[in-house]
Amino acid sequence: MDFDHVFSTFRVSASGLAAERLRMKVIANNLANANVTRTPEGGPFRKDEVMFRSVLDRAMGADGLGGVAVEGLTKSTEPFRVEYRPGHPDADPTTGMLKLSNVNSVTEMIDMMGASRSYQANLAVLTTYKDMMNQTLRLGR
Amino acid sequence: MTNDTSFTVLQKVLDTATLRHKVIANNIANVNTPGYHRREVCFQDELARLAATGDGERLAAARPEVLESHEGPFRADGNNVNVERELADLMKNALVYRTCTQLLSSRIAGYRAAISGQSATS
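Line order of the protein sequences matches chains A and B. If you number the first sequence the way the working numbering does, the last residue is 147 and the count never jumps. If you number the second sequence the way the working numbering does, the last residue is 239 and the count never jumps.
Errors might be hidden in some of the hints.
What the hints assert, rightly or not - Think about it this way: if two alpha-carbon atoms lie no more than 20 Å apart in a straight line, the pair counts; the simulated DMTMM-like pairs of lysine to aspartate or glutamate are: (1) B:K209 / B:D162; (2) B:K209 / A:D137; (3) A:K105 / A:E47; (4) A:K31 / A:D54; (5) A:K136 / B:D206; (6) B:K209 / B:E182; (7) A:K81 / B:D194; (8) A:K136 / B:D132; (9) A:K105 / A:E84; (10) A:K81 / A:E114; (11) A:K81 / A:D117; (12) B:K209 / B:E157.
To be verified - Simulated restraints, written as ranges between beta carbons of each label pair: (13) B:M208 / A:R147: 23 to 33 Å; (14) A:H11 / B:F124: 12 to 22 Å; (15) B:P151 / A:F13: 24 to 34 Å; (16) B:V200 / A:V112: 17 to 27 Å; (17) A:R144 / B:D121: 20 to 30 Å.
By construction, these hints were calculated from the structure, which means they are not laboratory data. Here a beta-carbon is modelled for each residue, glycine too, at the ideal position from N, C-alpha and C.
Could you build the full structure based on these sequences and the hints that come with them?
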């Protein structure tokens with residue numbers, strides 16, 4: 007067992023932490039933009055979704071466990087919320103209907119709790135591994 | 118000391134525990150990855166069988182295997198990682214690791230006492 011093998015477990019947990027942190031950032035961005043009706047691409051804000059994929063460690067002698075990576079962000083295709091707001095500058099001038107973002111704050115809050123718990127779980131793994139390695143360093147003392 | 122298989126057994130258990138920890142870390146990191154199947158390490162039975170034979174060379178050559186688990190329940194996204202189960206396995210694995218390091222330490226202390234001619238408790 008070489009040193010790289012020892013540290014690769016830290017990298018696996020770190021990849022999980024980074025992925026969950028990014029998910030949290032996307033949720034924060036979704037919630038911040040929940041009432042946005044104007045975007046550079048036109049129309050109301052579309053909710054972002056994070057895509058995760060598992061990584062295969064292909065290095066020589068590796069066991070294939072490479073943690074997780076963020077594949078990218080995709081725009082949700084859920085329909086926009088529509089409200090009757092005739093006075094709003096972005097509302098349809100004939101019908102008075104206003105299209106709002108497709109962010110559902112309840113769903114986002116639940117996702118936020120999921121991201122937070124997953125982050126904690128990854129951190130617990132990291133801390134336990136650190137303790138294990140400390141025990142090894144104390145061997146024979 | 119060279120034909121003492123307990124060192125080899127303890128080393129193997131430590132190696133396996135390290136690998137199992139990495140597998141659990143990978144499972145937890147992929148808890149939100151659609152279609153990910155949890156992995157597990159299968160070595161305990163093989164290790165016990167080889168340790169019983171006392172064949173040091175075959176024991177040293179044995180390697181733990183990482184297997185993909187297809188047992189359910191699967192979530193709607195095709196993922197079967199259960200964080201509670203993984204964390205329970207993690208704690209169990211950490212205890213196994215701790216036990217082995219303590220056993221190894223006491224072995225080393227025993228040899229050191231024998232070499233220096235002192236009492237092991239001092």
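Next item on the list: Starting from the hint list further up, note which numbers the structure goes against and sort them upward.
Entry: none
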